[in-house]
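There are 2 protein chains.
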Amino acid sequence: MTTPIPRINPESLFLPLNKVRIEDSFWSEYIRLVRDVVVPYQWEALNDRVPEAEPSFAIRNLKIAAGEESGEFGGMVFQDSDVSKWLEAVGYLLASGPDPDLEEVADGVVDLIGRAQQPDGYINTYFTLKEPDNRWTNLAECHELYCAGHLIEAAVAYYSATGKSKILDIACRFADYIDSVFGQEPGKLQGYDGHQEIELALVRLYQVTGRPKYLELSQYFLDQRGTEPHFYTSEFEKRGGKTHFPQLDMAHDLSYSQAHLPVREQETAEGHAVRAVYMATAMADVAAKSGDVSLLDACKRLWRNIVSRRMYITGGIGSMEHGESFTFDYDLPNDTVYAETCASIGLIFFAQRMLQIEPVSEYADVLERALYNTVVSGMSRDGTRFFYVNPLEVHPEACGKNHIYDHVKPVRQGWFSCACCPPNIARLLASLGGYIYSSKDRTLYTHLYIGGQAEWRLGQDQVQINQSSNYAWDGKVRLELSMDAALLFTLALRIPEWCHGQFNVTINGVAHDISEFTVEDGYLLIDRLWQDGDMVDLAFAMPIMRMKGHPNVRHTAGKVALQRGPFVYCLEEADNGSQLHRMILPREAELVARFEPDLLGGIEVIEGTMLRETSGAWNDDLYREEEQAGLGLSETRAKFIPYYAWANRGPGEMMVWVRSL
Amino acid sequence: MTTPIPRINPESLFLPLNKVRIEDSFWSEYIRLVRDVVVPYQWEALNDRVPEAEPSFAIRNLKIAAGEESGEFGGMVFQDSDVSKWLEAVGYLLASGPDPDLEEVADGVVDLIGRAQQPDGYINTYFTLKEPDNRWTNLAECHELYCAGHLIEAAVAYYSATGKSKILDIACRFADYIDSVFGQEPGKLQGYDGHQEIELALVRLYQVTGRPKYLELSQYFLDQRGTEPHFYTSEFEKRGGKTHFPQLDMAHDLSYSQAHLPVREQETAEGHAVRAVYMATAMADVAAKSGDVSLLDACKRLWRNIVSRRMYITGGIGSMEHGESFTFDYDLPNDTVYAETCASIGLIFFAQRMLQIEPVSEYADVLERALYNTVVSGMSRDGTRFFYVNPLEVHPEACGKNHIYDHVKPVRQGWFSCACCPPNIARLLASLGGYIYSSKDRTLYTHLYIGGQAEWRLGQDQVQINQSSNYAWDGKVRLELSMDAALLFTLALRIPEWCHGQFNVTINGVAHDISEFTVEDGYLLIDRLWQDGDMVDLAFAMPIMRMKGHPNVRHTAGKVALQRGPFVYCLEEADNGSQLHRMILPREAELVARFEPDLLGGIEVIEGTMLRETSGAWNDDLYREEEQAGLGLSETRAKFIPYYAWANRGPGEMMVWVRSL
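For the protein sequence lines, the chains are V and R, in the order given.
2 is the number of the first residue of the first sequence in the working numbering; add one for each residue after it.
2 is the number of the first residue of the second sequence in the working numbering; add one for each residue after it.
Just so you know, not all the hints are guaranteed correct.
Stated by the list, open to error - When the alpha-carbon atoms are kept at most 30 Å apart in a straight line, the in silico DSSO-like pairs for lysine-lysine are as follows:
{"#": "1", "chain 1": "V", "residue 1": "LYS243", "chain 2": "R", "residue 2": "LYS214"}
{"#": "2", "chain 1": "R", "residue 1": "LYS402", "chain 2": "V", "residue 2": "LYS301"}
{"#": "3", "chain 1": "R", "residue 1": "LYS131", "chain 2": "V", "residue 2": "LYS243"}
{"#": "4", "chain 1": "R", "residue 1": "LYS189", "chain 2": "R", "residue 2": "LYS167"}
{"#": "5", "chain 1": "V", "residue 1": "LYS410", "chain 2": "R", "residue 2": "LYS131"}
{"#": "6", "chain 1": "V", "residue 1": "LYS402", "chain 2": "R", "residue 2": "LYS402"}
{"#": "7", "chain 1": "V", "residue 1": "LYS410", "chain 2": "R", "residue 2": "LYS189"}
{"#": "8", "chain 1": "R", "residue 1": "LYS243", "chain 2": "V", "residue 2": "LYS131"}
{"#": "9", "chain 1": "R", "residue 1": "LYS64", "chain 2": "V", "residue 2": "LYS243"}
{"#": "10", "chain 1": "R", "residue 1": "LYS243", "chain 2": "R", "residue 2": "LYS167"}
{"#": "11", "chain 1": "R", "residue 1": "LYS441", "chain 2": "R", "residue 2": "LYS410"}
{"#": "12", "chain 1": "V", "residue 1": "LYS402", "chain 2": "R", "residue 2": "LYS243"}
{"#": "13", "chain 1": "R", "residue 1": "LYS64", "chain 2": "R", "residue 2": "LYS167"}
{"#": "14", "chain 1": "V", "residue 1": "LYS402", "chain 2": "R", "residue 2": "LYS301"}
{"#": "15", "chain 1": "V", "residue 1": "LYS20", "chain 2": "V", "residue 2": "LYS477"}
{"#": "16", "chain 1": "V", "residue 1": "LYS402", "chain 2": "V", "residue 2": "LYS20"}
{"#": "17", "chain 1": "V", "residue 1": "LYS402", "chain 2": "R", "residue 2": "LYS477"}
Unchecked claim - Computed Cβ-Cβ distance ranges for the label pairs, DEER-style:
{"#": "18", "chain 1": "R", "residue 1": "LYS64", "chain 2": "V", "residue 2": "HIS323", "range": "36 to 46 Å"}
{"#": "19", "chain 1": "R", "residue 1": "PHE329", "chain 2": "V", "residue 2": "GLU55", "range": "45 to 55 Å"}
{"#": "20", "chain 1": "V", "residue 1": "GLN414", "chain 2": "R", "residue 2": "GLU30", "range": "51 to 61 Å"}
{"#": "21", "chain 1": "R", "residue 1": "PHE329", "chain 2": "V", "residue 2": "ARG595", "range": "30 to 40 Å"}
Claimed, not checked - The following residues of chain V were derived to be distant from chain R, with all beta-carbon distances above 12 Å:
{"#": "22", "residue": "PRO101"}
{"#": "23", "residue": "THR210"}
{"#": "24", "residue": "TYR406"}
{"#": "25", "residue": "ASP522"}
{"#": "26", "residue": "LEU623"}
Quick caveat, the hints were computed from the structure, so don't treat them as lab data.
Where is the CB? At the ideal position from N, CA and C, for every residue including glycine.
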């Protein structure tokens, strides 16, 4: 059980969060919002003290389970996970800087979780309070291991930040108990959870504790998934056909939870998008640790299928509301889309894990696309309102009146009864520092250009990196290195796909020809004896790009989307009037980017002249012959804003893919 | 109670069905299918003898209610109406020609209905068998008066065709009983049905029997609708909140059944499309008979809203599956559309009633549009398969995989458990002769150009009209008149909107200049002393029209649909390959119509050269910058077929609105 586990590759491990501090003109404000607004608000919500939100019951459930309050369980079957996600976010915030008051509150939550833990290590307030005899009888639907996974992630984050082992001990006791319940051995359950999460959490627990059994249990859950005879069928029959979410029929719609095939045989991303990418994240984790090439190949196939066939230009995934799911190749409707914020966060997890296995810039490009567009779109500019669904085209009147849009909101919402997205945004942004740099041997990779400081330990030496940039808006980045003595190492700098290889490099003020350097898998490798105070300046070309969708995508046919740097752009009614479908972007239109410091927190807008269809002599007819329709085209000034900034000025039409000529 | 009821106008009454015989190159085959295939098949279905269909239980329910069989009620709450619609269609078939075997079967059904009638006159097998104590406790949901309405319509049709009064007596007893239950008087129910139908049926019963109380009861139901305090609320409370279709919440979603406002205050067509047009039909009926101008104004407003804001180019209505409903102005999605066949049939009823009040060609134009496109699309070329939903764009893979299309079928279906559409098509086509001619004083209107013979009684005289035409394909019509002696009257011939006023008139072989005649409300009036043997030839210009949707319709932006004569055209994969969204119709494309006798029963196809987007150097990327996308355009031959003929060659893509330049 303790034989060393082979690795697929020397991994490029990301610098841990406590070694990276973000000071960035774009991101610092979002992280501040997480710290000052989202996490405190969420704490109030968890304690049922937000009058305008449905009560969460989450803290109360724990108190009842701990025997300290009386009452009934409240909320969803996975309500516990909201507390864990909050605690995880708190852990990340504390890793970036002290906050004694917050830590005191969090310590109290840790204590409460400890008191709610059952003698055998089990923690789940739904089953403890409502169905104490039915533990592990409905894995397909009831999120038992999912909640365990979030608790473990919280434990790892909080322990890593504070060094306090109490929550880690709680999580290990729970994980040990789970390990005693599940496994190949006779008498154990050969099951796995309907919502993947425990798998990636156990790998993190393994990383922190060094105990291989957690990695092995994760691998067991992955290996077991989708095998025949099918676990969901047998547990469904055992519990007499009782079902928790009848409208979804999870016990039989196997692809909904990616349980339709063994994971290594899955060629396409199917079902619930969040589950799919959480699963793929764990697959990449286990492949990296176990050296399982067939698992890695499966990850690559799923990745290729998602990014080449099933991803919106905003990095959103999940084309339909039913099952919050993927549909099929090239099916990417812009208006009835789901593109859940959490799914893009999961895609970022997956991308990060793939980057650790092989530093190939495509992973970071997709990570950046999801981060700068769908994820940051998920939260309002003041941190109080959120999108669950991130449409690429909205007609507000339709959202209320045509029920195919019931899931699409034209403005961000305050809080959700199924509150998965806001805490997920919080934990991602609070841990954003952990996505910027990774190292592999003597190479330091910069995947994201986000300003701040980082410390990299290279053998016995230490390198400090100070990144300053206004990258998102002007493509310019400066990296300054500090070290005690000169060091030979490679700085690997990601070349974003959107610059099309057009960029300048200056080292200590001296311009270099790019041909002096090697470019490998999308990274510019600067291999030299670095001196304290060395300074690298990068300037990536940031043209306004007219993007086209693959010709097989029927929803982008005849349309273009604008992109500049990491940002995808959109038209909003607030700037362009209503009836955006009448606007046409001619091929020869001159487009100019201009910074508007007072608009939506300061954004670079794109302006140009478009054509607008005029009604002319059109009368009350609904249909007319073209010749007699009297339609005309008039020139009109148009303003595009970055997609993430939409819906901050009240309800209005929005459109990413615009008609083009 | 017997005071004469004022009329809004001298009406133009349609010639009754037994005075019109259809012999038409296009329609006779459809009517033959109704007689030889649909009605016999439906009879087998009603008797649960169709192995591949879910059992109907409809005849069995009647037998159980008559005490002749034992068992439980089966089917939907409105199952009785299927028997009535069948009997109504049989009545129309018998009106057009004798069929002793069919009549014998139908007489048996009449007898059975008589035996199932309760002593007080009530007929409804659902309530009689399942909830005998709950009659009239759930008008909003349970279709009790709807079923009564269909029984009355069947009775009127069967009595009118055969002269046998038994079914009429049954219907009158039932209607008299209903009249004793509902009304303003104390002790009576102040209610009305959730699904309008009784209202128009009672007017027909009034027309056949001459008894004003049926008209007054119809008017009562219309007047009562949508008034406060709301009947649905009071009956909902009285029955303790019991609900029959919980997913629709009909008791509270008042606009679903057009009960949100008094009918005269309804400005827009809302809710379930079939109900809306059945209601409007009855409103027009009552307005015509009662002289109620405010009711007529409401009809005109609803008409205007539908045809100017909420109707597909195919004459389909109902933009969404949820509630089979209208949505809002200019919301006409082509792929998630509902456009139920029954709704277009109801629109035809409404149009016919408006034509009776004022012969204005727009009503007939819309009637023709719905008839030649959505209605006839509803049935396969062999009469065995049917569309409930009539989409304007289909991507078959999406129908199975993206659940926003769950209601859209890429091929016609055999029979439905809620079998409303096939019998509705049957009864409409079997009574099609009743939609062709109407007369007002000394004017004979020809609304539809359908070949066959008709007899018109003009005072003491009789005029025979023999129409022969290949109108639908070539725009040519010949009318030959026979009469005993010369007669002075006006022949009013509809000028279809699609000819844009371009047509030739020849009388007895002599060409006339159109300016010789008056054109009134879209009808060419030929006022002369007609002689036996007179012959009028019409030749309407039938250009291929590139149609545009109103600029406010976002779903037709940048697209055109082809129309030629009454037919809207579409592209099908069978002729044009897949990925129809890649095809573009340039403005200058030369389009040619050509008759293909062996294709789909003989159709005029439209051919021309279109452009098709080629992938060129596009690689595995999902998004590329336009300049580097390597997209190209190649010329491709395209073939359009009439919309009604689609989906007769297996599943494949179909598209009405095609991209244009």
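Against the structure, the hints:
1. V:LYS243 / R:LYS214: Given pair LYS243 (chain V), LYS214 (chain R) is violated - Cα atoms ~55 Å apart, limit 30 Å.
2. R:LYS402 / V:LYS301: Holds, because 24 Å separates the two Cα atoms, which is no more than 30 Å.
3. R:LYS131 / V:LYS243: Since the Cα atoms of LYS131 (chain R) and LYS243 (chain V) sit roughly 29 Å apart, the hinted pair holds (cutoff 30 Å).
4. R:LYS189 / R:LYS167: The hint holds at about 28 Å.
5. V:LYS410 / R:LYS131: Judged against 30 Å, a Cα distance of about 43 Å means the pair is violated.
6. V:LYS402 / R:LYS402: Within the cut-off at roughly 24 Å; holds.
7. V:LYS410 / R:LYS189: This hinted pair is violated, its Cα atoms lying about 46 Å apart.
8. R:LYS243 / V:LYS131: holds (29 Å)
9. R:LYS64 / V:LYS243: violated (38 Å)
10. R:LYS243 / R:LYS167: Distance ~37 Å between LYS243 (chain R) and LYS167 (chain R) Cα, so the pair is violated.
11. R:LYS441 / R:LYS410: violated (43 Å)
12. V:LYS402 / R:LYS243: holds (27 Å)
13. R:LYS64 / R:LYS167: holds (18 Å)
14. V:LYS402 / R:LYS301: holds (24 Å)
15. V:LYS20 / V:LYS477: Given that 30 Å is the threshold and the Cα spacing comes to 23 Å, the pair holds.
16. V:LYS402 / V:LYS20: Between LYS402 (chain V) and LYS20 (chain V) the Cα gap is close to 50 Å, so the pair fails against 30 Å, i.e. violated.
17. V:LYS402 / R:LYS477: violated (44 Å)
18. R:LYS64 / V:HIS323: 36 to 46 Å: Given about 41 Å between the Cβ atoms, the range holds.
19. R:PHE329 / V:GLU55: 45 to 55 Å: violated (29 Å)
20. V:GLN414 / R:GLU30: 51 to 61 Å: At 56 Å between Cβs, range holds.
21. R:PHE329 / V:ARG595: 30 to 40 Å: Holds, at about 36 Å.
22. PRO101: holds (47 Å)
23. THR210: holds (40 Å)
24. TYR406: Since the minimum Cβ distance to chain R is about 9 Å, TYR406 (chain V) lies within 12 Å and the statement is violated.
25. ASP522: holds (16 Å)
26. LEU623: Since the minimum Cβ distance to chain R is about 5 Å, LEU623 (chain V) lies within 12 Å and the statement is violated.
Checked against the numbered hints above, the structure violates hints 1, 5, 7, 9, 10, 11, 16, 17, 19, 24 and 26; every other hint is satisfied.
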